[in-house]
Structures are given as C-alpha cells and as structure tokens.
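Colleague: Single-letter residue listing:
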Amino acid sequence: GENVEQHPSTLSVQEGDSAVIKCTYSDSASNYFPWYKQELGKRPQLIIDIRSNVGEKKDQRIAVTLNKTAKHFSLHITETQPEDSAVYFCAATTGNQFYFGTGTSLTVIP
Amino acid sequence: DAGITQSPRHKVTETGTPVTLRCHQTENHRYMYWYRQDPGHGLRLIHYSYGVKDTDKGEVSDGYSVSRSKTEDFLLTLESATSSQTSVYFCAISGTDYEQYFGPGTRLTVT
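One line per chain: the protein sequences are F and B, in this order. Residue numbers for the first sequence follow our numbering, beginning at 192 and rising by one. Residue numbers for the second sequence follow our numbering, beginning at 729 and rising by one.
Derived from the structure by calculation, the hints contain no laboratory data. Using N, Cα and C, we set each Cβ at its ideal position, and we do this for glycine too. One should not assume that every hint holds.
Examples of chain F residues toward chain B, derived with CB under 8 Å [to be verified]:
1) A220
2) Y223
3) P225
4) R234
5) D240
6) T284
7) G286
8) N287
9) G292
10) T293
Below are the DSS-like pairs computed for lysine-lysine, each with C-alpha atoms no more than 30 Å apart in a straight line [stated by the list, open to error]:
11) F/K233 to F/K248
12) B/K798 to B/K781
13) F/K249 to F/K259
14) F/K228 to B/K739
15) F/K233 to B/K739
16) F/K233 to F/K249
17) F/K249 to F/K228
18) F/K248 to F/K262
19) F/K213 to F/K228
20) B/K798 to F/K213
21) F/K248 to F/K259
22) F/K228 to F/K262
23) B/K785 to F/K259
24) B/K798 to B/K739
25) F/K262 to B/K785
26) F/K233 to B/K785
27) F/K249 to F/K262
28) F/K228 to F/K259
29) F/K213 to F/K233
30) F/K259 to F/K213
31) F/K228 to B/K785
32) B/K739 to B/K781
33) B/K739 to B/K785
34) F/K233 to B/K798
Kindly produce the complete structure, drawing on both the sequences and the hints.
Modeller: Next up, the structure:
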C-alpha cells in the first residue's frame, strides 16, 4: 500500500515568516493530495488540495506544489500569523483509501 | 462544515463491553470512512465504505467491524473493547471529486 512520510514533525517560525512542510509518497498511482489543518480539540479541516495533473496551486497565503517524478509535494504558508498555529497533515490517495502523514505541529511566534 | 455528525461525542466504557459509534451524513456522498487518531500516529484508516453494504478494511481493522445499511449512516462497532482502542475516532465522507470532510470526532476511553 501507499506510504506517506511528512517532515518536519515540529516547526516554529516568527510571525510574518514563511513555513514549508514536505511530504513524500510511494505509490505512483496516487493522484490526489490534500492538506488538512487541525486545531487543538477540533476536526481536521481541508485547506488546499492538488491533483496529479497540476504542478502548483495557490489560495491566498497558502500554496501547494507537486513533483510527480520525485513523488513529493509541499505546503507553503507565507506571511504566517498566530492563527496559523495548528497541526497540518498531508495525505495521498488513488481515490478510495487515503493515507496520511503523521503531522507537523506549526507554531507561529508573535 | 459538511453535514456530518457523530454520536456519541464522548464515551467511557469498560474492557470487554461492545461499543457502537454512529456517523450520519446529509451530503449523499458515496464514500464514508472511519479513522482513529492517536498521538504520533496521525490518522489511521480502520474501515471504509464505497456504497450501501459495500465496505472494506483499512490498515488497523482488527477488533473493529462496520455496517452501512443506508447511504447516510455508517456504524463502527468494537466487538469487545480493549484499552488499546482508547482513541479519538473520526468519521469522514467524500464524493466523486475526492474531497474528504471530517466529522467532529468521538473521544472513546476504555477503562
């Protein structure tokens, strides 16, 4: 089955700086890659996704890039704010089962 | 939030007792999932369903069973709860566009 690895496990940045979280996957058949944000005690929330026919997608301060050849995808958050502090999860799927990374705890220091 | 509810939201039970968690959706989505979330492990798939009466195992299915008799309901049963099944359980749904949305979660404690 698919194996998704996520790095780093923890990340601290100063407010206003950028944050980058990286994930790798093993199954070349995976074709959909979502990112989730989970605040303490809350459910994971879908924040952005990318499909295998696209190399990059942007939504305001967040962007995701996909390199199918290297089998990795990354989440980029620019101009970070304290409310960006949360745990972020990446995932990969061929359409049925979703495989998640183990999460990155992001802390934005005011 | 997508129309997903879970019940109960919190439960404490004793080792060896059966437990059933319910997930209900109002989105008419085809796929429904049960995950457990534990520190250091992220979200791990227990079982999923791709239609009424159509289910399949995930990576951590031992000790769990599921049923889906209606499109809107997906039940997770712990036949005989053990302390290792203490966790937060999330239900999720997705449609043909793959976008997956999570329910509010159920915190289960097995004593």
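Colleague: Run every hint past the structure and note whether it holds.
Modeller: Hints versus structure:
no. : hint             : in the structure
1   : A220             : violated, 13 Å
2   : Y223             : holds, 4 Å
3   : P225             : holds, 7 Å
4   : R234             : holds, 4 Å
5   : D240             : holds, 7 Å
6   : T284             : holds, 6 Å
7   : G286             : holds, 6 Å
8   : N287             : holds, 7 Å
9   : G292             : holds, 6 Å
10  : T293             : holds, 4 Å
11  : F/K233 to F/K248 : holds, 26 Å
12  : B/K798 to B/K781 : holds, 8 Å
13  : F/K249 to F/K259 : holds, 18 Å
14  : F/K228 to B/K739 : holds, 25 Å
15  : F/K233 to B/K739 : holds, 17 Å
16  : F/K233 to F/K249 : holds, 25 Å
17  : F/K249 to F/K228 : holds, 16 Å
18  : F/K248 to F/K262 : holds, 17 Å
19  : F/K213 to F/K228 : holds, 14 Å
20  : B/K798 to F/K213 : violated, 39 Å
21  : F/K248 to F/K259 : holds, 14 Å
22  : F/K228 to F/K262 : holds, 22 Å
23  : B/K785 to F/K259 : holds, 28 Å
24  : B/K798 to B/K739 : holds, 24 Å
25  : F/K262 to B/K785 : holds, 26 Å
26  : F/K233 to B/K785 : holds, 26 Å
27  : F/K249 to F/K262 : holds, 19 Å
28  : F/K228 to F/K259 : holds, 23 Å
29  : F/K213 to F/K233 : holds, 23 Å
30  : F/K259 to F/K213 : holds, 13 Å
31  : F/K228 to B/K785 : holds, 26 Å
32  : B/K739 to B/K781 : holds, 26 Å
33  : B/K739 to B/K785 : holds, 24 Å
34  : F/K233 to B/K798 : holds, 27 Å
Hints 1, 20 from the earlier list are contradicted by this structure; the remaining hints agree with it.
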